[in-house]
Amino acid sequence: MLEATLKQGQLLKRIIDSIKELINDANFDCNSSGISLQAMDTAHISLVHLLLRAEAFDPYRCDRTLSLGVNITNFNKILKCASNDDQVTLKANDEGDSISLAFESGKKERYSEFEVKLIEIEADQLGIPDTEYSVLVHMPSAELKRICSDMAILGDTVTITATKEGVKFSASGEIASGSITVRQDASADDEDDNTLIELNEPVSLTFALKYLNIFCKSASLSNRVALSLSKSSPLLVEFKFQENGHIRYYLAPKMENEGEENADDE
Amino acid sequence: MTVNSKQTTLNAFFKQGQASNNTKPTQTSTTPIRKPRKTKTHTSIFTKAVGATTLDIERTEPTTPIPRQSPLKKKLTQLCIDAGQSSLKTITCKLCCMVYMLGEPEDEAMHRKFCCGAEKSDVKKGKREFVRAAQSYVSYKGYKSERVLRNIDDSKVIVIGKDDSHHLRKKASEIRNHIDEELGVLSEVESNDSLTYLYVRDFKILGCIVVERIQRASRIIVEANLTSRSSDEDVAKNIMYCDTKTSEEAVLGVSRMWCHSQHRRKLIVSTLIDIARDTLVYGYVVPLSKVAFSQPTMDGKLFARKYIRVDTFLVYKNTL
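Protein chains in written order, with my numbering: chain A, 1 to 266; chain B, 1001 to 1320.
FYI, nobody ran anything at the bench for these hints, they're computed from the structure.
All C-beta atoms, glycine included, are put in the ideal place defined by N, C-alpha and C.
One or more of the hints may lead you astray.
[Unchecked claim] Now the in silico label distances, taken between C-beta atoms and shown as ranges: (1) A:Gly178 / B:Pro1105: 30 to 36 Å; (2) B:Thr1297 / A:Asn244: 54 to 60 Å; (3) B:Met1110 / A:Leu196: 48 to 54 Å; (4) B:Arg1213 / A:Ile119: 52 to 58 Å; (5) A:Ile119 / B:Arg1216: 54 to 60 Å.
Generate the whole structure from the sequences, applying the supplied hints.
Dropping the structure here:
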């Protein structure tokens, strides 16, 4: 039996809205410590790991482990029926075949209830190995979002190069090429605006912007984003929401087949 | 402004005559510095591509970066995440039993080609639905000289032997090849003494057995842990042994038995073997204990057990 109430329903709305483009179906794994979701896109290029700790909900009750398989697109449609300031309550029975969603408006003048049919999804719980990353970048999420959308104008891939000088996002395409470099900056008044770079080893990796731009939809969930890069491991993009959980995206890089003799950077 | 001025300077190198008019008013103190730099990089490429992009071609900017960009794009290959997910491993098609990798375009194309060419993936709905539009049937239009052994409702059972007409024998070998492909048997040997029994309905062959007269067959040794109550799965998985040194007398050897995948469990093959037992030897019904099978598949093993109604059955070395 699961019963979880989220005071700010928009959190769930935004989460689902930001992952809906990546995954079609996913299992919400609920246990006493919280709700988690792990899914991969159909091409196996990216992986989403969502964690909502029990503390994010008030109240939260989950007696035994439940796996709730939902179609994200349909789930998103239902969640669209909730206003941003609605309180969202999720309920599911141990043996039930549906999850019930209840939205209560802030002034309690409106109460809506929905039941979403669950689906059986054969998904295996993947163990994500803890990786020592060479580069760790903490930056404002809006900044990353802007960089990615700017780079998308230029081309469909972005090369992220982290050196002592800073982290350079560069892209080139038919119309132009360009780069944006972010540097360490801890001087901003608001801590959220700081850019912190921890560099152990210079790294240069190329990624598909299509995926990064989908990840950046989660920028509305958190002011800060952490990028972790390491050679020969996927990029980790992490958005934390107020210590109550996180959404992590893993993205496989694009690799070059041949040498770099033709690549010219301007 | 700066972007504009850049573009005009870029254009300048495509059509120098025209550009000089355009650039003059916009030229600022900074452009002369940029200009020589650009000339170096762009002219070098420009001269390379000069054959294709002559000066007469319209002033379209994309012409220059294309030779530059395309080799770069080709080099990049998207990797995928391997966290041990089962969907990344090979899957076995339920229809054609082909083992292939999901998500690997080459494999999927090959499988689509193999799986009767009828697997349709519904990409729009985001689902991979395996729809078998048209099952491949071997057609049987009927021949004048065919020997109909029995009519069962709207179906008929036909036997084709070595004395039958060329057309019938051709049909028999056609279905044989079809079966061999599905069973995964490789046989090039053309056998003469075999009889092919066909189960035909609506001009389509639904089931087929190929039988022959044999003298001796060996009884399989069933593992001790198998009882008559063992589930089908256990039986199918259990490895069979047989002792070829000891043999028993046998009469009917079932070399191939096959039924169309959509018509299984409808006693089609049982009917065919029943008829074969009646008709193989004139005036003599071959008892169940004298029916032997060639090396059976997993499904064949289950069938043989059910048909013979004893845990063990006879197998013989298939010569066909």
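Cross-check of the supplied hints:
no.: 1; hint: A:Gly178 / B:Pro1105: 30 to 36 Å; result: holds (32 Å)
no.: 2; hint: B:Thr1297 / A:Asn244: 54 to 60 Å; result: holds (56 Å)
no.: 3; hint: B:Met1110 / A:Leu196: 48 to 54 Å; result: holds (49 Å)
no.: 4; hint: B:Arg1213 / A:Ile119: 52 to 58 Å; result: holds (55 Å)
no.: 5; hint: A:Ile119 / B:Arg1216: 54 to 60 Å; result: holds (56 Å)
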